[in-house]
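Peer 1: The primary structure of each chain is shown beneath.
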Amino acid sequence: MGVEGIGAKVLRKEDRRFITGRGRYVDDMSVPGMKHGAFVRSPHAHAKIKGIDTSAAREMPGVIDILDGQQLKADRIGNLICGWAVSSKDGSPMKMGAYPALADETVRYVGQPVAIVVAETRAQARDAAEVVMVDYEEMPAVVGSEAALADGAPQLHPEAEGNLCFDWEIGDEAAATSAISGAAHITRMKIINNRLVPNPMEPRAALGHYDPAEDHYTCWTTSQNPHVARLVMSAFYNVAPEHKLRVIAPDVGGGFGSKIYIYPEEIVCLWASKRTEVPVKWTSDRTEAFLTDAHGRDHVTHVEMAFDADHKIVGLKVDTKANLGAYMSLFSSATPTYLYATLLSGQYDIPAIYANVKGVYTNTAPVDAYRGAGRPEATYVVERTIETAARELGLSPAELRRKNFIRSFPHQTPVIMNYDTGDFEATLEAGMKAADVAGFEARREEAKGRGKLRGLGMSCYIEACGIAPSKAVGSLGAGVGLWESAEVRVNPVGTVEILTGSHSHGQGHETTFAQLVAERFGLPIDNVQIVHGDTDKVQFGMGTYGSRSGAVGMSAIVKALDKVEAKAKKIAAHVLEADEGDIVIENGEVKVVGTDKKLGWHEVCLGAYTGHNLPDGMEPGLKEGAFYDPQNFTFPAGCYICEVEVDPETGTTEIIQFVAADDFGNIINPMIVEGQVHGGLAQGIGQALLEGTHYDEAGQLVTASYMDYAMPRAWDLPMFKVETLVTACTTNPLGIKGCGEAGAIGSPPAVINAITDAIGNNDLSMPATPEKVWNAIHAAS
Amino acid sequence: MYETSYQRPSSIDEAIKLLGDGEGEAKLLSGGMTLIPTMKQRLAMPSVLIDLRHISDLKGISVDGSKIRIGGATTHAEIARHDGIKAAAPSFAYLAGLIGDPAVRHMGTIGGSVANFDPAADYPAALLAIGATIHTNTRELSADEFFLGMFETALEENEIVTAVSFEAPQAGGWEKFRNPASRYAMCAVFVAKRTDGSVGVGVTGAGNNGAFRWTEAESALSGSFDGSALDGLTVDEGAMMSDIHGTSAYRANLTKVVAKRALAKAK
Ligand SMILES: Cc1cc2nc3c(=O)[nH]c(=O)nc-3n(C[C@H](O)[C@H](O)[C@H](O)COP(=O)(O)OP(=O)(O)OC[C@H]3O[C@@H](n4cnc5c(N)ncnc54)[C@H](O)[C@@H]3O)c2cc1C
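Residue numbers (the UniProt record's numbering), protein chains in the order written: chain P, 1 to 781; chain V, 1 to 267.
Read the hints as simulated data drawn from the structure, not as lab findings.
Where hints are given, some of them may not hold.
What the hints assert, rightly or not - Label-pair distances were calculated between CB atoms; the ranges are:
(1) 85(P) - 47(V): 30 to 36 Å
(2) 234(V) - 150(P): 38 to 44 Å
(3) 714(P) - 265(V): 43 to 49 Å
(4) 42(V) - 405(P): 27 to 33 Å
(5) 285(P) - 265(V): 25 to 31 Å
(6) 42(V) - 85(P): 38 to 44 Å
(7) 216(P) - 157(V): 56 to 62 Å
(8) 1(V) - 537(P): 36 to 42 Å
(9) 60(V) - 51(P): 55 to 61 Å
(10) 222(V) - 150(P): 37 to 43 Å
(11) 142(V) - 439(P): 37 to 43 Å
(12) 60(V) - 285(P): 33 to 39 Å
(13) 103(V) - 405(P): 47 to 53 Å
Unchecked claim - Derived coverage of chain P by chain V (criterion: at least 3 residues anywhere in the stretch with Cβ under 8 Å from a Cβ of chain V; other residues may be distant):
(14) 155-168
(15) 225-238
The beta carbon of each residue, even a glycine, is placed where N, CA and C say it ideally should be.
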């Protein structure tokens, strides 16, 4: 490898522009004649729209036009779609409630867009939006999934009786029930996974530009997958024909899943630009982000985990109510089903598993994938339950886990997944050693002397990344394939451009992807340019989510590099009159092994383009493309150990130590991987300790700003101890598994297990705020 | 934010004049750390902002032995790092240094904080405990007279907080228990042993009507200025604030715990 190849801790190329404030985000974009859009949004969680009076607003300074749902409907702009069809256990398809980009008859969550005002300036658009008079007839609202399923609950959609979108199942119910009924011990819990607001640093934004001269559309949008956005906007929403639509996602300041989806605002900006013939830009403010970015999690689960007399798990039954919010979002059917229940086997050999998931509509913002997407919810259920079982059985949490670890691979779980490889014992060992678990009791004693309650909690997570084999997901209802594409363009001077369908919004692709080229040809990463995020430049691709850009996106690059390498070797063999099999490429040179015959890499590249001396029949040029479709998911796994001290007088939790021992397969850039783990841990710890989304009974979001929604700060986090172990993934060429979500998936149960251990009361829900912990201490004593 | 206009007077008189003659609503602007976010959320729409930060009479700190005077437009950061205050009333400088974050401390001012009287603002607890005087362009009021209740002070229309003055206590202690989201106080307590020997205990963030003096604690502590003196006391839950971050019972508990910790730190 070159010094900047696979495994090198090179600094991120993209950080120069990010750190110096020179990133270019959608809100930085400006085109001549551009105007500004502001949305009129519902102040009610549930109401009928009886009329919209725009007359006063139209008189406001600078107003160009005001458009509402009736006009949208007249222009036959399609309703928002869900890209994954999930069926109920009775075989019936999920019940989609109609979701127009501008509400035409009914609003179902606070913040739902009702109209757009286009004006000369942003302030003028907002001033006028306030003056648009919408006549609402308020209706009763419901915000929790259990309440929404109850008899007599307010009904959201005529299409979905009882607010039930789907009643889905997986696994063998009879087998799980019978295993549990004969078990020696059963651990039962009710587990709530709290709703989260994603809060990327950059709020969403869209700039729609219809050019009447060319009859061409451009949409700049804060997207994790601009190609999918283009497809969906053209094929389903009917805003613009695909070949006349260019979608650009420039620098994007974080997504965490919330920027996968195609939201009403970008559709409306593009459509409004067509109607008004001016470019229309909208940038979300933080309040709009709280109200309308797709939220995450929000599960209520009942679980039963059964053990035989030898403490082996014999059966697992899970019943989950997943709050979907008011409407389906792009992947919101898959997140609480196929991305969740398929991971319920965890790291354990469980012979019988059954899960029932009800997807429920409520008068809240739509809920969809958020960093981890289903897998944090599964991990939280499994790891809270097994830790609780260990306490009930009087075993050490490590011992009970060890007893049940899967130890031979490949391993077929009862819930679809087939784990290709892993070594759960190794990550457990590494975690326990780094956390000095052996010395914990002494530390607990010492803390007691200071009046503090010390606790230790563990979580052994597994997740499915590298989403996903197209054929498999297609059979499960996905509307798209989940492969990735790449094109490697070698320039005549030997520099390289990689065009990828992955999209970087913080992950460091410009560096890691370039390292693949450094590894292959021995070129400096500075000679490699990564091109992404523009449908005019890059071939179709599926985008970035589900920790897939490494396992899937880079695998596509590897395939394309294989082709480039093969062609370069053919050219070199021809020029050097050697056998193709004797050619090696290293350190920027193309050599004949065992001789001093060689060409510079740039000479081969130039030769490919001059075409003066190529093998007979070879096409000139050095540019290759590839599509890579994974054979399987990848399965990162690890062991997280959290040690806390609780102040019993105030209920405050301090994380004293957090150890992460992860197996991500092979690693391209250890520094970036560690950064991903840190970020994920911050989010997971944020969920466990701080982040609570609270709607009141009327459906108003109480935590709609940072005054009330607690984000994790550096202050809340310890220095992390991060260890990585490697079992190489067996199903992709690089042997990598993915690392983007693990931190957020594995950490919440470790934190809650630690706090409940410290306070001696297992009845504690996330976020474990000081008040809740204080109450739990008092309830226990 | 709604459209507004901006004025920069250079004297208190000029500011008062501008306050009187503007059409629509004129608002004093000091650090803007409360007012500007409120305007951005479209919850305030002043037609003119009158910036107090360039009036020299409102600036500056003087320390004369134990007598301290702080101009209304003095920032939290200036107070936190002022050598004279650090020597005479270290707990007061410490309090200023824990307000918000560095950006807030370099913009926000004591005059703005006192005039705004947010129920979780930090200075009011200390000013009540110390027995400070609030100076305006027309009069002087004791902290007890000035702070009336939630966002309510004795300030009249067209009245400007020009300064705050107090006699440094013999001993003072500050403990702040933060709201995990806003980092304002969920409960914070300033304890002061005044030069006349009496004790002041100011509590902010916890009460349902703004910062208040915990008088039972003051009497208990006048015998012995030590946390153990509070052991027998309970805090009236009925006077506590209750919200999604903490019930009144929790805040009542915090008040006592935090007061003891403030005492433990007092110097
Ligand atoms: C992120 C953040 C965190 C914060 N954390 C804390 C905290 O932990 N503790 C805390 O105490 N505060 C906190 N604050 C508030 C901060 O201390 C503000 O500085 C303070 O509340 C207001 O002071 P200001 O100078 O910014 O006033 P401004 O915002 O300019 O004005 C506030 C109000 O007072 C009026 N006013 C201003 N000056 C005068 C005057 N001299 N006379 C009469 N009326 C006047 C204004 O018209 C306005 O109505 C925080 C603020 C932010 C943004």
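Peer 1: Now tell me, hint by hint, if it's right for this structure.
Peer 2: Checked hints:
| no. | hint | verdict |
| --- | --- | --- |
| 1 | 85(P) - 47(V): 30 to 36 Å | violated, 55 Å |
| 2 | 234(V) - 150(P): 38 to 44 Å | holds, 40 Å |
| 3 | 714(P) - 265(V): 43 to 49 Å | violated, 24 Å |
| 4 | 42(V) - 405(P): 27 to 33 Å | violated, 56 Å |
| 5 | 285(P) - 265(V): 25 to 31 Å | violated, 40 Å |
| 6 | 42(V) - 85(P): 38 to 44 Å | holds, 42 Å |
| 7 | 216(P) - 157(V): 56 to 62 Å | holds, 58 Å |
| 8 | 1(V) - 537(P): 36 to 42 Å | holds, 38 Å |
| 9 | 60(V) - 51(P): 55 to 61 Å | holds, 59 Å |
| 10 | 222(V) - 150(P): 37 to 43 Å | violated, 57 Å |
| 11 | 142(V) - 439(P): 37 to 43 Å | violated, 56 Å |
| 12 | 60(V) - 285(P): 33 to 39 Å | holds, 37 Å |
| 13 | 103(V) - 405(P): 47 to 53 Å | holds, 49 Å |
| 14 | 155-168 | violated (count 0) |
| 15 | 225-238 | violated (count 0) |
When held up to the earlier numbered hints, the structure conflicts with 1, 3, 4, 5, 10, 11, 14, 15 and fits the remainder.
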